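J.: Protein chains in written order, with numbering that gives the first Met the number 0: chain A, 0 to 463; chain B, 0 to 410.
No wet-lab data here; the hints were simulated from the structure.
Since the model is a prediction, treat every value here as computed from it, not as a measurement.
Watch out, some of these pointers could steer you wrong.
With a straight-line cut-off of 30 Å between C-alpha atoms, the simulated DSS-like cross-links for lysine-lysine are [unchecked claim]:
#, chain 1, residue 1, chain 2, residue 2
1, A, K207, A, K431
2, A, K275, A, K305
3, B, K141, A, K83
4, A, K124, B, K327
5, B, K138, A, K83
6, A, K347, A, K207
7, B, K108, A, K53
8, A, K53, A, K305
What the simulated footprint calls covered on chain B by chain A, stretch by stretch (three residues with Cβ under 8 Å from a Cβ of chain A suffice, anywhere in the stretch; the number is not a length) [as the list claims (entries may be wrong)]:
#, region
9, 98-108
10, 125-136
11, 169-182
12, 305-318
Even for Gly, the Cβ is constructed at its ideal location relative to N, Cα and C.
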Amino acid sequence: MNNFAEFLSRFQFGFTACYHIMFPALSIGLAWFLVLIHAMYLKTGKADYFRIYKFWTSIFALNFSVGVVTGIFMSFQFGLNWSKFSYAAGPVLGSIIGLEVMTAFFLEAGFLGIMLLGWNRVNKKVHFFATLMVALGTLISATWILGANSWLHTPAGYKVSNGQYFIVEWWHALFNPSFYFRYPHMLLASMFAASFFVAGISAWYLLKGRYTGFARTCFSIALVVITILIPVQLWVGDTLAARMSVFQPGKVQAMEGYWDDKPSAPYLLFINPDQKNERNKMQIGIPYLGSILVVHDPHGTVPGLKRTPRSERPNMAMTFYFFRIMFIIAIIMFFVAVTSVALRFTGKLFTTRWFLKLCMWMTPAGVIATMAGWITSETGRQPYVIFGLLRTAEASSSLSSFQVILSFGLFVIVYLVLLVSYILFVRKIVRKGPETIQETSKTEEHKKDNFISGLPETIKLSVK
Amino acid sequence: MDIHILWAGVVCFSAVMYTIFDGFDLGVGILIPFVRDEEERDTMVESITPIWDGNETWLILMGVGLFGGFPRAYSVLLPALYIPLILMLLSLILRGVAMEFRFMSATRKTSWDAAFALGSVLAAFCQGMILGNLMEGLKLDKNFNHVNSTFGFINPFTILIGFSLIVSYALIGTTWLNLKTTGAIQYRFKRYARRIIVFLVPLFMVIFWGRFNWSVFAPLNGAYGIRSIFSVASVVWCVLSLVLMAGIYRSINARRERIPFFLNMLMTVVSALYIVSGFWPYIIPPDLTIFDAGSPAYGNTILLVSSFIVIPVILAYLIYSYTVFRGKVNARDYEPVLHDEDIALEPVRLNDHKDTLIRQLNLSWPLRIIISVAGILFFFAAIGCLGDGPALWSIGIFIMVFSFACLRYRH
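Same shape as in the complex, but just chain B (with noise of 0.2 Å):
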């Protein structure tokens, strides 16, 4: 198969992976003005603390695999796109600090849970203006140059898609809270993931019949790829999207918490195979394919072949991270506490003179002297008086005597 294909395959795939996984964590911060107790948002952020931090690295990758395997794309988007792409960016750094912080602060919690949420919607309409702008087209010039203005990535369709994404990433993150909670809370998310679907399902159905047949919304250079809305990728996308969120609003309620989550997985996937498929063979429609911007390279192969090797490997361990942290949220058991099996009666010594780990050592007056002048001597050696062999002695054997004396520890 072409290089570039696969190459594209595992771009893709890292861009599905983050809408699906930072989606729900990004949904989760949408999500947090809507509730307004404090110890109910404690858990909604407590279910993304131990996860969040890997689903970010699949935007690293994303960009990185860009970087790599598509130069001419990655030097032509970036640029093009500029204020989305700074604004997501420290939307995200916002967030995921915010985050962090808000455990640590006593008195400006709401600040930093405004910070949070703030930083979630804008880090997904931005995400969601790339998308469009992405589905719009951008115009190059002969030299691969965008014709952009500095403004010219917001109309009224990018704005759509935007908005569209962040009600999306709510309602991943509804399901996953549903999954993560018990009690009042998770039957409100129950509440919300239903009202979500209904305000979702007229506005993705707006967007699909308007992209084929307005020309508000495809206002650039037409639709790309999948260009009739009867084509067998629109119908199937279709029906798809709409039997799976039947099936979200249905099992919502269901004993069974993990399949409205799983649905919500797969609308994701359908919906960016589809979105995927529109661009095909392009990578920023409409003058370059993935073929124009690859790099036929060396470095490119080898970094491909690694990727299929290495991104199993990291699945199994996010998996095993996953299964760690499995079932309803319980903050409690975050807080680290000694292991039963750890013989630990004995007293606290905190604020003990004596210390409890540290021997003194009290080494004799000669002993102090020899090791203060090789030292001194040491320290000439060091700066390369000597030169570096001299030098490299020097430092081994200070280091050999050093840890024989310092390093012992009593046990």
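So here's chain A without its partners, still in its complex pose (with noise of 0.2 Å):
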């Protein structure tokens, strides 16, 4: 294996991954939205419901398909760009993998063509269920990918025999150490990624004047979901960075962006790191709060990156720049939530309009925050692909530079078209807003009133 192609490799992984993970997270967080948005419906049978779930769903199928294609490719990235990796862990992984295939994906794949196109051929429950059916897909498929994933950072349950991994004790291999805190982390980060999504498109159209009632709906359900949610997350990703620190101490050194264990720390926000002189040639701060944030304690010492050997460090700047974005992005969440909370309880929610553009900037926001925290995690825990047992230099393929340029190439090419088209497509859908339905309804009063007169059984009626 020549380094430039294994190199490549690395880059091809991290940009489909990255890609990929934009859907999932999006996908997984809308479902359940569509989930309590059918219930509401089922529950008080207003039409309003019933448009807003049209709405996004038209969103949400678009969404899940090139979520569902570019997953694809993610199962066989293993063994193309990684093979030595995927002998030896694949009984493990694939294990994992493929209890994931056949308990979610199938799930979400029989119940999604129900759900989307079926609502007219079952009845309402049958379709209040296939869209349940599809929800429970994607966190059972959420629960086996980041067991697989928990399982690279921290290996247990397993015994290793001819440079193969297995897995003995299926319970400690899939709930591993770090499975409780990253799980969590990572639905909470898709439910920020949907309702950020849904508030920012409806804060677009409370800002235009436009579908106020259906956009003060959906506003309003995706701020309650947040406010609740982001003190939950910052508690669990705080957490999350505490254990981290006993599993993989370097992640968290390069995290904080100190090479020298420092006391009473400031919080770094810019710098400038050497990684081959051990220093930062620069770097900006707030003063205590990184002790405050990391030790729980203004004097304590936040320890740095030297205390992990030479040859297990990951690269600082990628780790710290991209944990920052996520950092300061869940503080701009934050104060999006608190701000909510007290433009509500004056009645000014929906018409503050520098706080409805606040949300409609932040319409990626979740979506961003968790591609930068994925980041985070898979460049902190290198040089290891398996943490502390498989180097991920040691895990490629034998391919030459001239293939993975070519598919890495054309795996650009394509996902940027891709990518800019679901764009445009989305903000075509957007600026569309949720129809001006045909309804072909009628009351108990109209029901009598045909029975008797003997006009046509349905009245129909179109809105504009």
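Reassemble the complex: the two chains are provided individually, in unrelated frames, and hints are given to aid placement.
T.: So this is what it looks like as structure tokens:
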């Protein structure tokens, strides 16, 4: 294996994985949002909920299809570019992902058609069930995949024979030590991705004064979800960082941006690290906040990356900056949540223009934070692919540079075209707005009237 | 029974399911260029939109089945056929997305149709190439590394297999569309089906004959498993496939439209069994048997057992999903409208500033202050100054207060 092909393979994996995660992250959140809306519709029977459901379903459908097809590639990429890794970890990862395919992917796929296109073919309760199954599928899928990924971070319940890893205790392998925090962290992240997405688009409608009834409901629900979940997420994230500093000290040290142990440390916002000479050429930070956030004590000592042996250090700049992106977005999210509570209680939630604008600009915030978080997590575990067991450099296939250049180039082109079209189509759906639906409906009185006067049974209402 | 054989059975099963089910939806894509009319194209694509997602999942199951069950084979095969696999996956991505996007696009619909067709054809061709390479065999050295060059996967045999797979998918596509469409377009697919059969049968026979007799068609290592054209398997396959093809040819005009489709599915199963029996006991001929490639693992057993439990359940709800969408395509039917029984003649208030569902709360000022202060306090709590316990408590209290205050919708 030549180094250039391996280097490109890393970027190809990073690129395709980052691209892929945007869509499932949104799908998980949107699916549960749709379940909520559908439940409300079933309970109240109000046409407004139906309209909301229909609008977000069209975006969900686009999103889901991109997520599915980019996901197919992910399951083959292990073997294509990382064959030594897939040989070693196949019995573990293959089993976990295999269970994911059988319990989650098929569940989603089986009921997605009914959810998106079967409204008129099944009754409302069955349709709700289909929506619920799709949402459940996304949840189960996230569970397995986080189990598999966490196993790579903190391998447990395995034994080695012949250079291959085998699961000995399923429970320990799947519910490995880091799973307990990484899993809720990711689930909450996808809830935020979807909530900010919904809130941002609704905010745009509110700003434009279009479909305000519709937009108010969506905006309000999204902000309730954000407000309730943001403190949980901050706590989970904080605890996760604390736990990871036990399992992967190098990652957490790199996240904080210090080379030497630092008491009463400032919270660094900008660094210019020099990986070779083990120092920061420049750093800017907020006094004491670093110690407060990391060790929960203003005078505590923040560990530096020099504690980790040189050969086991992750790249500081990448880990640090992507962690900062995630963290800063989280703080802005928190600000949005608190402000929304204040505005809600003063009755100005839907009319404060600066807040609506802020929410509009925050539309992709959740997705970006999720991506940044994944990059932090995955670059922070380098140089290992299975932490402490298998180095990434030893895991790759023997490919020629030409092959990887070709595949990576094609992926970049196709994926960028798809991303641009996806964004344009979402924009188009949003511009068009929740449709003015043809409603075929009748009330009890109308039924009676029709019966008596012999009018046609249904009254068609075309609403502009 | 040996665990490797059972597991190979699961992988083969998903491969066959994939060829049948994604076969017809790739076939629809392959047939798109032959239909010019926009509405007819819509009908074709709408026949597969509710189900294509499930069809592609079989491919993932097959891939992951190899990954978990035969890690050696997975790690050898994929890099060896890197370029055709990458092209296949890319085309699957392209066509899947193009299928969804074409309905959204007003101005560039033809481009998305082209992408859909190109993706389908290329995916089918690459799958054929991969199959062809497997049938030829991949030379491995003693460390189980492949010795193929970058473009070693291309030769007349693999190209011919790729081509015949495109045609076979087109055939199952026509029988599927015969089942799902009506009128002039249905008549057209009936005609196409007959033409394709007339073309495909000689093609199959050429491959069949050439495989055993021409060195160009089995250039590297000769035919595996079944070594003679007069062996039982070969004769059975030959007779059965001729009978089935004739059956499709005759029944395509029959009133019961399901029959040609089912015969075509049967044809796929028979051919797949024939090809697989040619492999036995190799997974990658000529060096790697399923016993060498398997992972004699505990995880494998769990996966195996659960697959025998879960796959029937999957089949049950997939069948349910197909029955929901049975019958002819009716795209108007896909568009959700309110159910009759909804009492929904309430005035539509899309542009109403008085929101219909959300009630604004008007709390008195002391309450507002208390809630704001609580909010600020829990910010510090949540980021961990107080440690885990108090942080959790304050989060919990906040959620309770907030839920009671805000989650009250007017019904």
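J.: Hint by hint, say whether it matches the structure.
T.: These are the hints, each one checked on the structure:
| no. | hint | in the structure |
| --- | --- | --- |
| 1 | A:K207 / A:K431 | 13 Å, holds |
| 2 | A:K275 / A:K305 | 12 Å, holds |
| 3 | B:K141 / A:K83 | 15 Å, holds |
| 4 | A:K124 / B:K327 | 24 Å, holds |
| 5 | B:K138 / A:K83 | 18 Å, holds |
| 6 | A:K347 / A:K207 | 16 Å, holds |
| 7 | B:K108 / A:K53 | 23 Å, holds |
| 8 | A:K53 / A:K305 | 55 Å, violated |
| 9 | 98-108 | holds (count 5) |
| 10 | 125-136 | violated (count 0) |
| 11 | 169-182 | violated (count 0) |
| 12 | 305-318 | holds (count 7) |
The earlier numbered hints that this structure contradicts are 8, 10 and 11.
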